[in-house]
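Trainee: In the order they appear, the protein sequences are chains A and B. For the first sequence, the positions run 1 to 291 when my numbering is used. For the second sequence, the positions run 292 to 594 when my numbering is used.
Just so you know, these hints were derived from the structure itself, not from any lab. A couple of the hints might just be wrong.
[Stated by the list, open to error] The calculated PhoX-like cross-link candidates involving lysine-lysine, where the alpha carbons are at most 20 angstroms apart (straight line), are:
{"hint": "1", "chain 1": "A", "residue 1": "Lys11", "chain 2": "B", "residue 2": "Lys419"}
{"hint": "2", "chain 1": "B", "residue 1": "Lys554", "chain 2": "B", "residue 2": "Lys538"}
{"hint": "3", "chain 1": "A", "residue 1": "Lys153", "chain 2": "A", "residue 2": "Lys261"}
{"hint": "4", "chain 1": "B", "residue 1": "Lys419", "chain 2": "B", "residue 2": "Lys368"}
{"hint": "5", "chain 1": "B", "residue 1": "Lys554", "chain 2": "A", "residue 2": "Lys11"}
{"hint": "6", "chain 1": "A", "residue 1": "Lys287", "chain 2": "A", "residue 2": "Lys153"}
{"hint": "7", "chain 1": "A", "residue 1": "Lys60", "chain 2": "A", "residue 2": "Lys41"}
{"hint": "8", "chain 1": "B", "residue 1": "Lys306", "chain 2": "B", "residue 2": "Lys554"}
{"hint": "9", "chain 1": "B", "residue 1": "Lys554", "chain 2": "B", "residue 2": "Lys536"}
{"hint": "10", "chain 1": "B", "residue 1": "Lys536", "chain 2": "B", "residue 2": "Lys502"}
{"hint": "11", "chain 1": "A", "residue 1": "Lys226", "chain 2": "A", "residue 2": "Lys244"}
{"hint": "12", "chain 1": "B", "residue 1": "Lys421", "chain 2": "B", "residue 2": "Lys381"}
{"hint": "13", "chain 1": "A", "residue 1": "Lys11", "chain 2": "B", "residue 2": "Lys390"}
{"hint": "14", "chain 1": "B", "residue 1": "Lys502", "chain 2": "A", "residue 2": "Lys11"}
{"hint": "15", "chain 1": "B", "residue 1": "Lys557", "chain 2": "B", "residue 2": "Lys538"}
{"hint": "16", "chain 1": "B", "residue 1": "Lys306", "chain 2": "A", "residue 2": "Lys286"}
{"hint": "17", "chain 1": "A", "residue 1": "Lys238", "chain 2": "A", "residue 2": "Lys153"}
{"hint": "18", "chain 1": "B", "residue 1": "Lys306", "chain 2": "A", "residue 2": "Lys287"}
[Stated by the list, open to error] Label pairs and their computed distance ranges (CB to CB):
{"hint": "19", "chain 1": "A", "residue 1": "Ala26", "chain 2": "B", "residue 2": "Thr348", "range": "51 to 57 angstroms"}
{"hint": "20", "chain 1": "B", "residue 1": "Asp456", "chain 2": "A", "residue 2": "Asn196", "range": "25 to 31 angstroms"}
{"hint": "21", "chain 1": "B", "residue 1": "Gly331", "chain 2": "A", "residue 2": "Val202", "range": "31 to 37 angstroms"}
{"hint": "22", "chain 1": "A", "residue 1": "Val77", "chain 2": "B", "residue 2": "Asn465", "range": "55 to 61 angstroms"}
{"hint": "23", "chain 1": "A", "residue 1": "Lys261", "chain 2": "B", "residue 2": "Tyr382", "range": "51 to 57 angstroms"}
{"hint": "24", "chain 1": "B", "residue 1": "Asn349", "chain 2": "A", "residue 2": "Ala127", "range": "52 to 58 angstroms"}
We put the CB at the ideal spot given by N, CA and C, even for glycine.
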Amino acid sequence: MFTLIQIELYKIFNRPRTYIAFIAIAALTIIVQLGLKVDGKEYADFVMADLKNTFSIDGKIINGYFVCYVLLQLLLVHVPLLIALIAADMISGEANIGTLRLLLTKPISRVQFIIAKFIATCIYTVALLIWLAILGLLLSIFIFGTGDLLLLKNNYVVQLQQNDIFWRYTGAFLFAAIAMITVAAVGFFLSLFAENSIGPIVATMSIIIVCTILSTMSLPLFNLIKPYLFTTHLVTWKEFFDIKINNQNETIAGSIQNPAKIINSLTVLIAHIIILISITIFIFKKKDILS
Amino acid sequence: MNEIIKVTNLTKQFKQITAVNNLSFNVNSGDVYGFLGQNGAGKSTTIRMLLTLIQPTNGSIEIFGLPLQNNRNEILKNIGAVIEKPDVYKYLSAYDNLKLFARLNGTRPTHHQLMQQLEIVGLANRAKDKVATFSQGMKQRVGIAIALIHQPQLIILDEPTNGLDPQGIADIRNLIIKLSKEHGKTILISSHLLSEIEQIATRILIIDKGKKIIEDTATALFNPSQTIVEIETTNNEFALQQLQKSKWLTSIQQHTTNTITFKLDKSQIPTLNSNLVEMQIQLISIKPRHSLEDYFLRVTTAN
Chain A
1 MFTLIQIELY KIFNRPRTYI AFIAIAALTI IVQLGLKVDG KEYADFVMAD
51 LKNTFSIDGK IINGYFVCYV LLQLLLVHVP LLIALIAADM ISGEANIGTL
101 RLLLTKPISR VQFIIAKFIA TCIYTVALLI WLAILGLLLS IFIFGTGDLL
151 LLKNNYVVQL QQNDIFWRYT GAFLFAAIAM ITVAAVGFFL SLFAENSIGP
201 IVATMSIIIV CTILSTMSLP LFNLIKPYLF TTHLVTWKEF FDIKINNQNE
251 TIAGSIQNPA KIINSLTVLI AHIIILISIT IFIFKKKDIL S
Chain B
292 MNEIIKVTNL TKQFKQITAV NNLSFNVNSG DVYGFLGQNG AGKSTTIRML
342 LTLIQPTNGS IEIFGLPLQN NRNEILKNIG AVIEKPDVYK YLSAYDNLKL
392 FARLNGTRPT HHQLMQQLEI VGLANRAKDK VATFSQGMKQ RVGIAIALIH
442 QPQLIILDEP TNGLDPQGIA DIRNLIIKLS KEHGKTILIS SHLLSEIEQI
492 ATRILIIDKG KKIIEDTATA LFNPSQTIVE IETTNNEFAL QQLQKSKWLT
542 SIQQHTTNTI TFKLDKSQIP TLNSNLVEMQ IQLISIKPRH SLEDYFLRVT
592 TAN
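Can you build the whole structure from these sequences, using the hints too?
Mentor: Have a look at this one:
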């Protein structure tokens, strides 16, 4: 199994297509960082305009933590599309270039084959998020420095002390990894049914777009299915940046306001992964390879 | 003879279409087994079932004396295969492709062994070049190198000369002969190019519409007791009138404006020749036609 995973990773990281996602993330991150470096003060004034009428705000609002939060809000919506490029190509791409039939004449079981391919997809997904973390968090800290994180929620403001932030980002990135692996599982599952990668890539993106619309529209019919849609839970990473308050209205350092929501979202996402991969294995085991 | 492949009553049904119909055959150790059929006859489906790419609807397959269904990995370790176009990873070099597929077979060949394999298929000087820059014939040779790198006992080649130029076809033919004679490999090769099979096969199976038409040694098929003789005359109408009065009438298979075809025993050809002269039929040519191609076309058309 280890050899199979190694081979799959070797193939993924030797393909030029793989690096499109890394380049896209680097380009977007650097553009946003450059924009905030040049016009960060105007941006902060605009965002905090209402708040400044009520509160006196001191310190550096545009710091590395804040920039990373902005980047995550912008990028985590688009990263699924980049993940679909690889995940939806994992089986269909092999069928398309004709290597699937050659691979399956080798002494490896089909179950092992699917699991190794999916693990390699997960490693690619995590590598993409690590890249995002390096550029989005570490590079932002390097450029903008650190400070408290001030976030504007719908009807309240959250202020996180700078020594209470890094672990939240770690949690958010770990959560994002599960969320993105769910997206990868959708693409991977769809790649089973096609003999070229365009169809599954477009289908994955369409599913994400449709489910995101269903997740965000507040209609009674949609409200019934929302809790079960994976897209509803993709943005739960933001919960890591909500803090509990005590009876004296003071924030409790190291706390999360709604950990149950994170656990619920993780459960739904992991259930999606398990179900999708199980169905993929079940179908692939019986599939006639005609490509 | 030791049976390497034993196929019994193999059937594959795709919805309404029966691609392979109750097919049985055996491949013995050391055979170069020619698997012949026109396009769509069921050759590739059968080969894919032998390689577990397609599940049979019915029937059984035993390879190396073991049921394929329960011993898949053990059996596949000893098989090297090229299935139609041998597509490999175009963004990798020939060397890297070979190394990658060898590892999938559970072997870790040395640099020397990899280069030696590429040498055999004539690609040692292009070992580090990306396959994307290769011609179809070179890609075919990479596929064959992949099929051979783990020293399999059985080699299955599905239409291995497809898309190759005459030199490429000759190279592969020579390689197959060498693998059989010098290395003692058992080879199953499918083709619709009859001239290819004719030159290398020791035993031949002809299938049509998924059914076995005939399975025999190449020698028997090339020398059937009955052979086809075609004559060309200066006046076919006169020749036919004369022949209708003779004992040869029952041997006539068909006639056109220029030719008359007989089916008869080889030993009768000299007598026919002298009788035609006696009947004052002026001959332009007399040709016995007993190549496998004639045989193949005859049996598949008749079926």
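Trainee: Decide, hint by hint, whether the structure agrees.
Mentor: Checked hints:
1. A:Lys11 x B:Lys419: At roughly 16 angstroms apart (the allowed maximum being 20 angstroms), lysine 419 of chain B and lysine 11 of chain A satisfy the hint.
2. B:Lys554 x B:Lys538: holds, 13 angstroms
3. A:Lys153 x A:Lys261: holds, 17 angstroms
4. B:Lys419 x B:Lys368: violated, 26 angstroms
5. B:Lys554 x A:Lys11: Not OK: lysine 554 of chain B and lysine 11 of chain A at ~59 angstroms, beyond 20 angstroms, violated.
6. A:Lys287 x A:Lys153: Violated - the C-alpha atoms of lysine 153 of chain A and lysine 287 of chain A are around 49 angstroms apart, more than 20 angstroms.
7. A:Lys60 x A:Lys41: OK: lysine 60 of chain A and lysine 41 of chain A at ~9 angstroms, within 20 angstroms.
8. B:Lys306 x B:Lys554: The hint is violated at about 41 angstroms.
9. B:Lys554 x B:Lys536: This hinted pair holds, its Cα atoms lying about 17 angstroms apart.
10. B:Lys536 x B:Lys502: Not satisfied, since the Cα-Cα distance of roughly 40 angstroms exceeds 20 angstroms.
11. A:Lys226 x A:Lys244: violated, 26 angstroms
12. B:Lys421 x B:Lys381: Measuring from Cα to Cα gives roughly 6 angstroms; hence the hint holds.
13. A:Lys11 x B:Lys390: With a Cα-Cα distance of about 12 angstroms, the restraint between lysine 11 of chain A and lysine 390 of chain B holds, given a limit of 20 angstroms.
14. B:Lys502 x A:Lys11: violated, 41 angstroms
15. B:Lys557 x B:Lys538: Distance of about 16 angstroms is within 20 angstroms: holds.
16. B:Lys306 x A:Lys286: Satisfied, since the Cα-Cα distance of roughly 15 angstroms is no more than 20 angstroms.
17. A:Lys238 x A:Lys153: holds, 10 angstroms
18. B:Lys306 x A:Lys287: holds, 14 angstroms
19. A:Ala26 x B:Thr348: 51 to 57 angstroms: Hint holds: Cβ distance 52 angstroms, inside 51 to 57 angstroms.
20. B:Asp456 x A:Asn196: 25 to 31 angstroms: holds, 29 angstroms
21. B:Gly331 x A:Val202: 31 to 37 angstroms: holds, 32 angstroms
22. A:Val77 x B:Asn465: 55 to 61 angstroms: holds, 59 angstroms
23. A:Lys261 x B:Tyr382: 51 to 57 angstroms: violated, 43 angstroms
24. B:Asn349 x A:Ala127: 52 to 58 angstroms: Cβ of asparagine 349 of chain B to Cβ of alanine 127 of chain A: about 47 angstroms, so the range 52 to 58 angstroms is violated.
Violated hints, listed in ascending order, are 4, 5, 6, 8, 10, 11, 14, 23, 24; each of the other numbered hints is respected by the structure.
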